[in-house]
Structures are given as structure tokens and as C-alpha cells.
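Trainee: Spelled out, the chains give:
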Amino acid sequence: MVSKTRKPKVVHKPAFTDGAEFSIATFQLLKQDGTLYKGAKAPDLEKDQALRIYRAMVYTRVLDERMLAAQRQGRLSFYMQCTGEEAAVIGSTAALDDADMIMAQYREQGALVYRGFTTDEFMNQMFGNEEDYGKGRQMPIHYGSSELNYMTISSPLATQIPQATGYAYGQKLAGEGHCTIVYFGEGAASEGDFHAALNMAAVHRVPVIFLCRNNGYAISTPAAEQFAADGVAPRAYGYKMDVIRVDGNDILAMFEATRQARRLAVEDNRPVLIEAMSYRLAAHSSSDDPSGYRSKDEEQIWRDKDPILRMKAWLQAADWWSDDDEKQLQENYRREVLETMKRAQKRPPPPLDSLVSDVYQEVTPELARQLDNLKAHIRKYPDAYPKTAEQAKGGA
Amino acid sequence: MAKMNMLQAINDALDIAMAENERVLCFGEDVGIFGGVFRATSNLQQKYGKARCFNTPLVEQGIIGFANGLAAQGSVAVAEIQFADYIFPAFDQIVNESAKFRYRSGNLFNVGGLTIRAPYGGGIAGGLYHSQSPEAYFAHTPGLKVVVPRNPHQAKGLLLASIHDPNPVLFFEPKRLYRASTGEVPEEEYRLPLGQAEVVKEGTDITLLAWGAQMEVLTQAVELAEKEGISCEVIDLRTILPWDVETVADSVFKTGRLLISHEAPLTGGFAGEIAATIQERCFLYLESPIARVTGLDTPFPLALEKEYLPDHLKVFEAIRASVEF
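Which chain is which? The protein sequence lines are A and B, in order.
With our numbering, letter number 357 in the first sequence gets 366, and the count goes up by one each step, no holes.
With our numbering, letter number 66 in the second sequence gets 287, and the count goes up by one each step, no holes.
None of these hints come from the bench; they were simulated from the model.
For each residue, glycine too, the CB sits at the ideal point set by N, CA and C.
Among these hints, one or two may not hold up.
[As the list claims (entries may be wrong)] Which residues of chain B face chain A? A partial, calculated answer using Cβ under 8 Å:
{"id": "1", "residue": "T277"}
{"id": "2", "residue": "G283"}
{"id": "3", "residue": "F287"}
{"id": "4", "residue": "A288"}
{"id": "5", "residue": "N289"}
{"id": "6", "residue": "A293"}
{"id": "7", "residue": "S296"}
{"id": "8", "residue": "N317"}
{"id": "9", "residue": "V466"}
[As the list claims (entries may be wrong)] Simulated restraints, written as ranges between beta carbons of each label pair:
{"id": "10", "chain 1": "B", "residue 1": "E243", "chain 2": "A", "residue 2": "A78", "range": "27 to 35 Å"}
{"id": "11", "chain 1": "A", "residue 1": "A51", "chain 2": "B", "residue 2": "H361", "range": "54 to 62 Å"}
{"id": "12", "chain 1": "A", "residue 1": "V212", "chain 2": "B", "residue 2": "V420", "range": "45 to 53 Å"}
Turn these sequences into a full structure, and let the hints steer you where they fit.
Mentor: Okay, here's the thing in C-alpha cells:
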């Protein structure tokens, strides 16, 4: 197809460019002290929603602290914290319609918190008990909720990005005015799936928002060793896609940028890339130790930019929040998380039959045969399989 | 009934699926106005519009990633990979995503609406990268279905069944037969069962098992064998995963001998899986070792393609060796 864009400019001497003429500014509204930058205008955010956002941020921080501690105590096999990136995740989710689809990478529990995932639901997944929607099949933090339009997490990085393009294409055809947001880190943006997804979204004009959490590190690899370019944002030019770089620790900027991105996506079928500049204050996961690859001084620079403290200062300046409110909220959340964790830990594991269900919509004869054989084996050695010995008795 | 070649039968199946459900979408490289490099999607864009039948950028991992998302959203995604040899950039999306979508979410989400079509197989002077038969890679992945038709009638009925099946299906089309295989095909919609082999010819001395284009080779070999008085039972496996153990085992109980043939290399080929299962099920009934007649353990050659392929003479020799064992 012949391009309908402007006639290409022609020169008769070789002229190279490295794109340095494009420089992408960072969108900021809120200073760390809770006041707005000069000339900045706060988005239209009602008190109720502002507090819903703030509570979700605090809850996420509390959940992360408690669950990491639980992991250290040996109660949980694995955990991943969102610490430092709460505004990037929750500010963007809050700017969507709750019916919009979220496809997350793995560090976006804050989006689920905002949408109303309960503490029980978090815990059931992490402990892989019989009430886990995922039937105990995935490692902790691989949440999913069809009710809350949050696609179940899968560990392979970036696979969710072209899926978001496809999902949003379906939403566009359905014509109900919904879009998809897809989260990923700056490291995952090096995967081929990222490029495939952005290109396809731009070509097919799909209502999808690509939200890159540039948190500085892919496990231990710093962004400077991930790409030579100025972050991820400039790649959007190559796909002719709208792009904005945002201070990811600025809840108001994240909210406003995503609100406007959503309008471009849904009303004009223009996909958007948002690069949220932030910092992963915690380790990559409970299996990682950042002291091996970065300094405490560097971390402190970002602790001083804490997105939750920044929003709190803004709420207090508006007189929407007090220190008493804060104390009460934190205590409530800590208690709720601890009590719910204890209950979830005691729930039994998923039934033995769930080992072979959901591979296909129906259990195949071969899988039924393999399950029968397994049950016979467990009946023979019940002490070796204490979780399922009782259930295996029911076998033929 | 109408006389069709395999491409026409496939095109007809896609047409029927798109006509009856507006959520059925066909896409891939060159499948739009051009109708695909083999023309399997001819006229679909003209008939159903660019939103439902369209070209994608040249990126297989993107096509299948997109298709997974589309299917998860509730659409019926029929994605074409131009040659099965080029499916490997999408291996991650197929093996880690399509296959595990339902399981990992505890059935909250699924991509049951996904069908991936890809022409496979040799015999067209395609060399290394237009000839491969990659079914065994995918047969090692629970959650997928893998289907291969042998003629136009089978292609239409199995493709419609694949599109309607509530699980992700890989549908490998024997491109050597696209135009070479013709036959009577019902004009209306019909579906053939997945997961069921078909006994296409009954016999008593040996069971011959294959799928796709290799069925034609078996037929030629049977002609030679029967001239020598060897009665052959011929089975088309049709679905590689999950495969129909019962039909094959029942046949081997009767004949006491099994020969499996595929174009893909010997080592790690699906014939090995079948042989292991059947010797377990039919051990005391077997009169001879289970024979495998396959491609060599080499990349697919070009100039010596004829030598590489498991042709009817190689099959015939293996039949005779099995019967005379």
C-alpha cells in the first residue's frame, strides 16, 4: 500500500541521524512537598477517588511489607514487591474505566487492589489453597480475576504485550468503548514481543495503552545496559505512535497522562505508549539481593521521592487526610493482612483432580487414565503424599 | 457435493465459519486482499471486510500473541502462519501461552477460540525452510490440539471442527496436496471429530498408520503389498494430540503388526511416541517390532529430497520386513 504520509524529503549528500533531535520531556505535576509545579494544573480528581487511590497505594505497601516478611519467615515460597512504583501502577489504573482490561507483568498488584481484589483473594493465590482461582498452579503473585478484568499473570516476560494488542482489537470490533492497558518493565521492552505488539497496534489502530514501568533495573541489569537510547519512549516514533514520558512517582501526572491516553485510544483508536519513570525500591523478588549491584546512596535518592508520601502531602494540603487517618488505616491494613494470611494458610490444597483439569476444556481419556494410575500409586504410598492421600482413597 | 481441491475446501470452511459467526477473524501475512500466498483465504476480505480478514506485519510471534489476546477476549481467531517452518518465532506464544492459558488461570480465561493454520511438509522442492513437519514439537505440549487432514473432504470437516473446538488447535495443512488432492466435498457445513483416528481400509496382516500427505504414500505402498498377498489395515491418525490410542491399539490387537510413517526426522518424531504406547498396550500381541518409516535425521534437503522422503517403496520394504520378521 502506498503511504499516505507526506512526500519524503530528499538530500543528495549522505545525512545520518541518531535521533538526538528528538528529546522527550517528562510530564510532572506534583512536587514532593505536595504542592503543584508552577503552571501545573491538578487533574479533575474527586475526593472519593483520590482517597480510593491513596488507600490502594497504602494497602499495596502494607501488603508488600507483610508478605516479604512472611516469605522471610518461610511461610511463603516467593514474593515480589511494587515498592516505589505504586503511583505508576495505581495512578494509571485509576484513570481507566473499571471494565477496561488490564494485562500486567507481575509487579502490578496495586492495580488489583484499586479494582477491589480482596485480601482473601490475594492470600488464597499466594498460598495456592483450594480457594485460589488459579487452583494452586502458579507461584505466588500470579493473580488473575475475570470479574475485575485483570488477566491472569504468566511468568514469561512480554508475552502479554502482543496479547494486549489482540485483546484490544477485539474490544474495538465489539464497539463498547473499552480499551486494554498492558504493563511491562523497561527490561521486558527488549523482548521481540514488545516490538511486534507496538507495530501491530499502530498499523491496526488498536485501543491499547502500553505502560512501561521504567524502574531502572531488570533484576540486576541497569537501564544503561538494557538500551543505548533515551529510555523506551523514543521507540514510539518508529511506530508512529503517540507517546508520553511521565514522572512515575507523581500520582497526579500518572492519572492525567493515562486519562488522556485512554481518550486517544478509545475515541480515536490511537494506541499510546506511556513511559513511567520510577525506581524499584525493593529487590527484584524475594530471591534477589540488590546490595550486590547498587548502592544505598542511590536507593536513598529514590526513597526521598516516595510516591506515597508525595500523594499524602497533597491530600493533607487539601485537608482530605490527617495523621490520625493514616495511623488508623495502616493499623487496619496490617491487622487485616495478618489475620487473613493466617486463615488462608490453613485452607487445604486444591483437590487432586485439579491436577488434570483445565489442560483442555474436558479431561481427555488419556489424562483420566494417568490420574487413575497416580491415585493407585498414592494409595500404595499414602505417607509420601500427605496432601492427597485421603482423596486418593476415593479412586477406583 | 462439489469437486474441490484442498485449498478450495479450506477456503470454503473459512467462508462458512465467517458467515455464521461475525466474531470469526482470519489474519496473517498476505491473507488479506491477496488471499494468502497459497490463496487459502481468497475473497474472504472482499466478502467480510478488512476488519475481519486482514494482513498482519511480518512477525509470527506478534501474529500468535495477537491471536492469543483476541481469543482471550472472546473472538474466534484463525491465524495463518505462512509456512510451518516459520512458526518457531511464535513457539513461546504457542507453548507457554496458548497451551497454558486455561490451566494457569484455573479456567478464568482461555484461548479456546484460537486456530493456527500452517502449511507443512515436503515434496515441493522447498528445501530446508519450506518443507518441515513440526508436529512433534507441539505434540509435546499439553493443552494444544494438533490436527492434520489428508484430503479436501477431511480438510473442510476437520478445520470447521478445529475452529469450533473450545481448545487452541494447530491445523497443519499438507501443502503438497493443496492442489494435487481433489475430491467430492459436501457444500454445507459438517465437522469431523477431533481426537479420533479413522480406519480408511481394513486388513488383517499389518496396520499402517500415518497422517496428512503421508496417507497418499501409504496407499501406494499398499497397492504393492497387496499384489504380494499382504493384507493391510490403513489408519489415518488425523489428530496427533490428543491421539486416539484405542483405534490404533484395537487394530494392532487384530493384525499383530504396526508400521508408522511420517516425513519428519526419525529421532524424537511422533512415531516414537506411538510405538512406545502401542508396545505397552499390545506387547503380547505383537508379531514383529513396530516399524518406523520416516525422514532421515537431517535437515530437510533439496536436491536429494526424493532420497530423503519416506516414499512408497521404503514403506513397502518395511511392510515386507515386518511381515517376514
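Trainee: Now tell me if each hint is right for this structure.
Mentor: Outcome of the hint check:
Given the 8 Å rule on beta carbons, the hint for T277 (chain B) holds: about 6 Å separates it from the nearest Cβ of chain A. Satisfaction of the interface hint for G283 (chain B) is found here, the shortest Cβ-Cβ separation to chain A being roughly 3 Å, below the 8 Å cut-off. A hinted interface residue such as F287 (chain B) counts as satisfied when its beta carbon comes closer than 8 Å to some beta carbon of chain A; here the least separation is about 4 Å, so the hint holds. Hint status for A288 (chain B) relative to chain A: holds, with the closest Cβ pair at about 6 Å, below 8 Å.
Restraint check, N289 (chain B) versus chain A: the minimum CB separation of about 5 Å is within 8 Å; hint holds. With a least beta-carbon distance of about 6 Å to chain A, the hint placing A293 (chain B) at the interface is held under the 8 Å criterion. This hint holds: S296 (chain B) has a C-beta 4 Å from the nearest C-beta of chain A, less than the 8 Å allowed. With a least beta-carbon distance of about 5 Å to chain A, the hint placing N317 (chain B) at the interface is held under the 8 Å criterion.
Residue-level restraint check for V466 (chain B) holds (minimum Cβ-Cβ distance to chain A is 7 Å; threshold 8 Å). Taking the beta carbon of each, E243 (chain B) and A78 (chain A) are about 52 Å apart, not inside 27 to 35 Å as hinted. Restraint check, A51 (chain A) to H361 (chain B): a C-beta distance of roughly 56 Å satisfies the suggested window 54 to 62 Å. As the Cβ distance of V212 (chain A) to V420 (chain B) is approximately 47 Å, the hint placing it in 45 to 53 Å holds.
Comparing the model with each numbered hint stated earlier shows that hint 10 is the single one that does not hold.
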